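Enquirer: Residue numbers (the numbering used here), protein chains in the order written: chain C, 3 to 289; chain U, 126 to 385; chain R, 444 to 729.
Hints in this document: simulated from the structure, not taken from any laboratory.
All figures in this text were calculated on a predicted structure; none of them were measured in a lab.
Please note that the accuracy of each hint is not assured.
Claimed, not checked - Taking lysine to any residue pairs in the SDA-like style, the calculated list, with each CA pair at most 25 Å apart, reads:
#  : chain 1 : residue 1 : chain 2 : residue 2
1  : U       : Lys243    : R       : Pro535
2  : C       : Lys101    : C       : Lys5
3  : C       : Lys101    : R       : Phe463
4  : R       : Lys725    : C       : Phe105
5  : C       : Lys10     : U       : Gly246
6  : U       : Lys328    : U       : Ser378
7  : R       : Lys481    : C       : Lys100
8  : C       : Lys284    : R       : Lys547
9  : C       : Lys283    : R       : Lys549
10 : C       : Lys169    : R       : Pro535
11 : C       : Lys100    : R       : Glu620
12 : C       : Lys5      : U       : Met208
13 : C       : Lys169    : R       : Lys549
14 : R       : Lys612    : C       : Glu166
15 : R       : Lys725    : C       : Ile102
16 : R       : Lys724    : C       : Val7
17 : R       : Lys724    : C       : Lys5
18 : U       : Lys277    : R       : Gly616
19 : R       : Lys547    : U       : Phe368
20 : C       : Lys256    : C       : Val109
21 : U       : Lys328    : R       : Glu620
22 : C       : Lys283    : R       : Leu562
23 : R       : Lys612    : C       : Val7
24 : C       : Lys10     : R       : Arg727
25 : R       : Lys547    : U       : Tyr147
26 : R       : Lys720    : C       : Ile102
27 : U       : Lys243    : C       : Asn6
28 : U       : Lys277    : R       : Arg635
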Amino acid sequence: MTKNVLFKSLLFAASFIVLLICGGIVYALVSGSWEAFSQFGVFQFIFSSDWDPTIGNEHYGALSFIVGTLFTSFLALALCIPFSLPVSLFIGEYFKGKKIANFIGSVIDLLAGIPSIVYGLWGFYTFRGLMVDLHLSSEGFGILTSSVVLAIMIIPYATSLSAEFFKMVPNDLKEGAFSLGATQYDVIRKVSFPMTSSGVFASYILALGRALGETMAVTMLIGNTNLLPTSLTDTGNTMASIIANQFGEADGLKLSSLIAIGLLLFVITAIINLIGRFIMKKFAPTK
Amino acid sequence: MENPIIETNTPILRLNNVSVSYTPGKNAVNNVSVDIEENRITAIMGPSGCGKSTLLRAINRMHDLYPNIKTTGEIYLRGENIMEMDAMTVRRKAGMVFQRPNPFPTMSIAENVLAGYKLNGLRLSRGEKDEIIESSLRDVGLWDEVKDTLNKRGSFLSGGQQQRLCIARAVALKPEVLLMDEPTSALDPIATKRIESLLLELKKQFTIIIVTHNMSQAARISHKSMFMYLGELVEYDYTKKMFTSPTDKRTESYLSGKIG
Amino acid sequence: MTMTIKKIKDRAFFYGVCFFSFLTVVPLVAIIWELVSKGYKQINWSFFTESAPSTFEAMLAKQSGDILPGGIANGITGTLLMVCLAAIIAIPVGIFAGVYLAEKPKSKYAAVIRFIADLLQGTPSIIIGIIAYAWVVKPLGSYSALAGATALMIMMLPLIIRSTEETLKMLPGSLKEAAAALGAPYYTIVLRILLPSAFGGLFTGTLLAVSRVTGETAPLMLTALGSTAINWDVTAPTSAVPLLIWEFYNDPNLADMIWSSSLFLMALILILNLIAKQVAKKWRIQ
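Required output: the full structure, derived from the provided sequences and hints.
Expert: Here is the structure:
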C-alpha cells in the first residue's frame, strides 16, 4: 500500500526533523564558539573572569557569568523551597481534590504564565524599591534581588510537579497510619515524604534547570556589571544576561565568546535537566 | 438450541495447520485445522489463555498489526488463502466485534454504521447510505431505538446498545464471516440475551464464529463448538453432542468445571 | 511525646503550610495590581491600531501632560505574524512526530527522539535565539520575522510533540483495532480515527505552546530585533509585543507605555491559558 508507505515516511521524517534541529543546534554553538575557544583555550575561558573588550587586547572569560548564574539559581532554589513545599503539601496532601486546592493551583498556574519581562518590570519598579527601603541594597540591583524574583518565578514549576507526587501517595497507606493514631504531620513525615522524596527532589532539580536559563527578569535586576560577584549585594551578570545585553552589538571575537558562553549554558542546563528527568523516570514511571 | 444433526452446509472457512506465536519457540495456538460451516454459529470455548482469541484474530489478520506475532499455516475463505491476500481486503470480508463496545467517539451513530465505508474510501450515494444505515440498524434491532437520533454521538447509548451498534457497523460492510470475540462478557444479562437472539437471526445472513468463556452461551446458540486447551484444538463437534458426551477427557473436565 | 505536644506540632505545621500557601498569592496580586492600575490609562482604540510613538513624540506629549500617542499595533502584528509562521511549521511537524513516538514505544530511535525533545524543551530561550541567529540572521544578512519565527518554532515543537504523544497514549487501544478490523489502512486509522479522537489534547497542547512563546522576549531580541512600523515582510526586522515592552523600558520617555502593553500581554496569555484549560476539561469529561 504505497499510501501507507508514504504516510509512515512522513511520520518518520517529522521525527527526523527533531534530530536535525538538535544537530543544527550543536553545530551552530560549537562552530560559533570555535574562535573564542581556540583563542583562549577551553579551560582558560571557563575559569577566567576577564571581560575586556579593548580593541587589540581583547580578553574574554566566562567565570563571572558562570558564578553569577550558579549563585542566583541556587539561591533562588533555596528561597523557593520554603514556599513551594508548603504549597505542594497544601494542594497534594491537606486539601487534595478540594476546591480550595484547585484555586491555589490556578493561582500557581497564573504565576507560571507571567512572562519573564513582566517579572522584570515588577522587580525593577516595585520590588527594587522594597529592597532599598529594607537597606538590603543601595540601589536595589544585585544578586539578592534577582534571586528573590527568580525564586518567585520558579515556584510554579517546583510546586506543580511535587504536588503531583504527593497526590500519588495511595490513600490506604495513609489511612493505615491514621488508624494507628498518627497525626497528619506524622503521616507526612513518615509516609508521604519518604515515598515522594525522590520525586520532589527531582522537581527541584528541574526548577533549578529553569532558573539557570532565565534571562529577562535577571537582566533587568542584576545590575549588569562584569565583575565576579562574591556577596549578596554585589551586582553582576549571568550567562543568559550577558548574552542578552551584548549580543546585538557584538562581532568577531566578542560574538564568539558570547556564543561560547551560550554553549556552556546549554551544556549546564542540559546536564541538570537530564539529572532531574533521570531521577523522575526511575522514581515515577507513570509520569 | 441449535438443530443438531442436520449436516452439509459447505465449509466456508477452512483452517489448515494454523499456528500463532508471540515469542519465538512458544506457540499460543498450535497447529489448528478446522472447517467452519456456512450460515452457522460456531463457538470457540476454553479456559483463559487457551488461545481462542488468538485463533480468532488470526482469521482477520489482526496479528499483522503487531510485528512480534508470527502466524503460520493457511486459512481459506471460499477457497482463497487469506494469508496471501491483502490484509485490508481480508478484514472487509471477515468483520470483527470486540469484547468491549468501541463505537468511534467522534462519529455520530449514522457515521459509525458507515465507518467501514468511510475508512476504506468507498463511495456511496445518498440513497445507498440511508439504505445501509437502516438495514444494518434493523438487523441488530436498534433501528426503532435510534432512528430519531442518528446524527447524535453514541455516548448516551447503554453498553448493550453500543455493542449492537458495533455489530451493525460490522454487518454494514456485508462481510462473509462475523468474528465475535467474547461480545457479551462486558454486558448485563438482559443485553446478553438480546444479542444472543440477534446472533441467531444474523446467522441466516452471515457465518458467525464466537469466542466465549461462557459455556452455557455456547450451548445456547452454537451449532458446532471447538474446545481449545493450551493452544491445541482438543475437540470439535456438534455442540449438543460435545456437551452430552464429549470424546476427550480434557473436554469433559472443562465442561464439568474441573479446569478453567 | 504527649498527645498535646503532638497535637500542637500538627496544628502548627498545618497553619504554617496554609500561611505560606496564601503568601504565594501575594506576588501575583501585587503584579496584577501594578499592571492594571498603571496600565488602564493608556488603553484606548489607538492602542490597538497605531504603532508605538517615537521618543520625540512621546517627549512632546509628556511636556503637555497628555497621555502618549500611538499604541502597540506594530507589536501586535509582529507577534501575530511570527507566532503564525512558527505554528505553521511546529503544529504539523509536532503532531506527526508525536504520532511517530506514540506508535513506537519500544524503539531505540524513538527513545532518542523523545530525549532530544525533552532536551529542547529545557533549553533556555536565549540559546534558541542564538541558534536562530546563526541559522537565519547571518545567512540572510539581516534581522527578520523569519528568524524570530524560527526561534519560536523550535520552542513550540517539543511542547506539541509531548502533548500529542501523551494524548494518543491515553486513547483506548480498541479504537485502533476497531478501525483496523473494518479494513482501514494505517494512514486512515491515524488521520481519521486517532487524531480526531485526540483533538482535545492536541488543541490544548497547541494553545499552551502558543501562550508560552507569545511572552518570550530574549530570543526575539537576537532575531527579529524590532521595528517602528507595522511590518509584514518576513525578511525584515519585525516588532513584537514583548520587544516593544523592552524598548519602552529602555526609553524613559516611553515608560508610560510599559504598563498598558504588559497588561495586554498578560491578558492575552491568560485568555489563551483559560481557553486551553476549558478545552482540556470538556474533552476529558467526554
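Enquirer: Hint by hint, say whether it matches the structure.
Expert: We went through each hint and held it up to the structure:
1. U:Lys243 / R:Pro535: 24 Å, holds
2. C:Lys101 / C:Lys5: 50 Å, violated
3. C:Lys101 / R:Phe463: Holds, at about 18 Å.
4. R:Lys725 / C:Phe105: 18 Å, holds
5. C:Lys10 / U:Gly246: This hinted pair holds, its Cα atoms lying about 19 Å apart.
6. U:Lys328 / U:Ser378: 30 Å, violated
7. R:Lys481 / C:Lys100: Measuring from Cα to Cα gives roughly 35 Å; hence the hint is violated.
8. C:Lys284 / R:Lys547: Holds, at about 21 Å.
9. C:Lys283 / R:Lys549: 15 Å, holds
10. C:Lys169 / R:Pro535: 34 Å, violated
11. C:Lys100 / R:Glu620: Violated: lysine 100 of chain C and glutamate 620 of chain R sit about 38 Å apart, past 25 Å.
12. C:Lys5 / U:Met208: 21 Å, holds
13. C:Lys169 / R:Lys549: Violated. Lysine 169 of chain C to lysine 549 of chain R sits at ~28 Å, over the 25 Å cutoff.
14. R:Lys612 / C:Glu166: Holds. Lysine 612 of chain R to glutamate 166 of chain C sits at ~19 Å (cutoff 25 Å).
15. R:Lys725 / C:Ile102: 21 Å, holds
16. R:Lys724 / C:Val7: Measuring from Cα to Cα gives roughly 36 Å; hence the hint is violated.
17. R:Lys724 / C:Lys5: 36 Å, violated
18. U:Lys277 / R:Gly616: 23 Å, holds
19. R:Lys547 / U:Phe368: 45 Å, violated
20. C:Lys256 / C:Val109: 42 Å, violated
21. U:Lys328 / R:Glu620: 24 Å, holds
22. C:Lys283 / R:Leu562: 15 Å, holds
23. R:Lys612 / C:Val7: 23 Å, holds
24. C:Lys10 / R:Arg727: 29 Å, violated
25. R:Lys547 / U:Tyr147: Answer holds: lysine 547 of chain R to tyrosine 147 of chain U is near 18 Å, not above 25 Å.
26. R:Lys720 / C:Ile102: 17 Å, holds
27. U:Lys243 / C:Asn6: 17 Å, holds
28. U:Lys277 / R:Arg635: Holds, at about 18 Å.
Hint violations for this structure: numbers 2, 6, 7, 10, 11, 13, 16, 17, 19, 20, 24, all remaining hints satisfied.
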